[in-house]
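Engineer: Turn these sequences into a full structure, and let the hints guide you.
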Amino acid sequence: MDSALIPKGVKRCSIGQFALWIAVVGAVLLWGVWAMLLCYFKGLNQTNMNNAYGFALWIWADLAVIALGGGAFFTGLLRYIFGKDELKHIINYAVLIGFICYSSALLILAIDVGQPLRAWFIFWHANVHSMLTEVAFCLTLYFGVLTIEYVPLVFENRQIDRVPFFHNLTHNMHGIMALFAATGAFLSFFHQGSLGGVSGVLYGRPFGFRTGLLIWPWTFFLYTWSAAAAGPCFTLFITRITEMATGKKLVKDNVVELLAKIAGWMLSTYIVAKIIDTVYWAAVTAPAMGLTLMDFYSNNPGSVYGLWILIAEVVVCGVLPAVMLVAPRIRSNPGLRFIAVTLAAIGVCLNRWVMVLQMQAAPVLPFEGWFTYMPSWQEIATTILPVAYGVILISLSYRYLPIFPQEPELNPIEGGK
Amino acid sequence: MDQQNGNHKKYGMVIDLDKCTGCGACMVACMAENNVPFREDDTDKLLSVSWMRIYRLGNRKPFPQVEECYLPRPCQQCEGHAGHSPCVSVCPATATDYDMHTGIVSQISTRCFGCRYCMAACPYHVRQFNWWDPMWPDGMERMLNPNVSVRMRGVVEKCSFCFHRYQLATDKAYLEGRRELDEGEYQTACTQACPAGAILFGDLNNPAHAVHQIAQPDSAHGGRPRNPKAFRLLERLGTNPKVYYLSSKEWVRKAGDNQVQRTEQTPKA
Amino acid sequence: MFPFSFEWVWDMGRMVFMGGVWYALGILGMGMTYCVIKAVYDTAQGKGGEHGHGHH
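Residue numbers (the numbering used here), protein chains in the order written: chain A, 1 to 417; chain B, 1001 to 1269; chain C, 2001 to 2056.
Hints are supplied without guarantee of correctness; some may be wrong.
What follows is a list of derived Cβ distance ranges for each label pair [stated by the list, open to error]:
hint : chain 1 : residue 1 : chain 2 : residue 2 : range
1    : B       : H1081     : A       : W21       : 55 to 63 Å
2    : C       : E2007     : B       : E1067     : 43 to 51 Å
3    : B       : A1220     : A       : T269      : 53 to 61 Å
Derived from the structure by calculation, the hints contain no laboratory data. We put the beta carbon where it would ideally sit given N, CA and C, even for glycine.
Structural biologist: Dropping the structure here:
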């Protein structure tokens, strides 16, 4: 029924099946929308945040989703600036994933602030010394870059491409895409970094605080580095999931392995820097503030913040996937590669979790105890909302747009056309 | 309004913990003075708003060595290094600011959009969020203090050292042709309410004021108190707060800061 | 946000930060303006459509 909209040379499931799929995901989306409306009309008392947890699940989700969306800027940098041309076969998907991630982050931020109607104050009354101001500006601008990078994809839909204006516009945008990619990389460096700076500058919170270089705490650079490492891993993760869901091979092995290799080396160098930073912080920075490493890890029964979380973040989800992706024999094994990129994505999510949640859980005043937090269903629903939206947008884009240039070649349809 | 050139004040407090009985009059006076909202069930202290909060510290020793201490904690009005309070530098909308003339950290409720970054930054938990809109029992709106704006839900609030009283006092002095305020002309509600006289308020920079004489802040070393009985909370972090606590007990003085070695005897609230 | 905004001061922090913001906005804006104008021009010239370039 909608075959005129489907790209040439590929097969898609029936419109009925597709509609059913969208309806199921749409139901989850609506659940999230309901929770969002509750938060807007009743206020943030709908959450389980409190005065000890000003930042909670939503801020973690923001940080995690932006780190995972780092594949867009990094793949763009590799392709357009460093000339890794093979990546053109995966960059469309990286851009789409990035677009979803950043729009999700903006959506969650809009729900998270206490006065959403005043959100424009961050632009109008900007405090240029605050890391969050940096985040807001660069995020918004970078979302503009992602839109600019996604729009030509949309215009490449078979029917839209037939309109001469859109075809020419797409062609022209592709012509100067390197400029947009470079601007995107510049903006990403700063906003990924300043998200790290959000915790790193807090000299009232010894768990998060780091010394650094000039105005930038070390977490600034660590966050950009980990986003550049884990972002492509997440792109590969989603690509593999999509291949499993569609039952088709969508990207050739050489493209995947190139991105995996680069991600592996980024991850390896990042984890070395992370270990050095952690040791310095534990041995020098924190004791200068009166606390030792073990003061930040709780042995209380029922507490999630045992030392295991540090081991999980740095070793299991840091060193291990780095080694796996760097080793050619492991990297070329699809199953092990999938495990490695999954672990890397989890690792960056764990890192964002501890820098926001554990930072607030750990007591600072000597006579205070640990604070606990469990998200409310409204917070969980509004966090799943962007996932549902992402699935829907990927489904629509996969069905109607030529996201994977190698798909027709890898999945030839019998009988031509 | 403040016309002094380079004659900057630094309004601060000295709270004598030997005198504090934990009665809570300071908390009540503060809530009344500053239109602090409350709910029908305020048992969850992490959700309630209370600009002044009293902590109960214990030395965790068995009877008969067991001791207790009550510690009132207003906003510490941190100066940080050259006015960079932990909360001021992080606010993205400049809704909080460090006033170099008075040393007070302001909070602009109409500009705050509730991102709560300042709450994450503050190590003392003095900043509280309006998770709900204020609901005043019938008739109570007529008892609200007209000098303090009421905050709606979605914004952060904290102790302001009764800054509206400073404005009223300077207005009055100006009308009388003066620029300087006497020590008694600007006092916070909590100071005046304390029946034990445990709280003293004044200008830490003014040698004539009691707070200066008792705390003896050393401005060459980040405002550290020279008085051996005085201490500030979390001195090591470098927040440079303006609330000085006095205690004759060493365990209480030690309870104010992290000592690298947390032991079984570390005081617990 | 703008030099004529309330609270604007010409200090180094603001010049560097807002300068960077306006610079990035400028590049994006000028790039897109160029693309759109050239697309209009190309369409008027008769380029594009079915016989144009294939997919990238």
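Engineer: State the violated hints by number, sorted upward, taking the hints as numbered earlier in the document.
Structural biologist: 3
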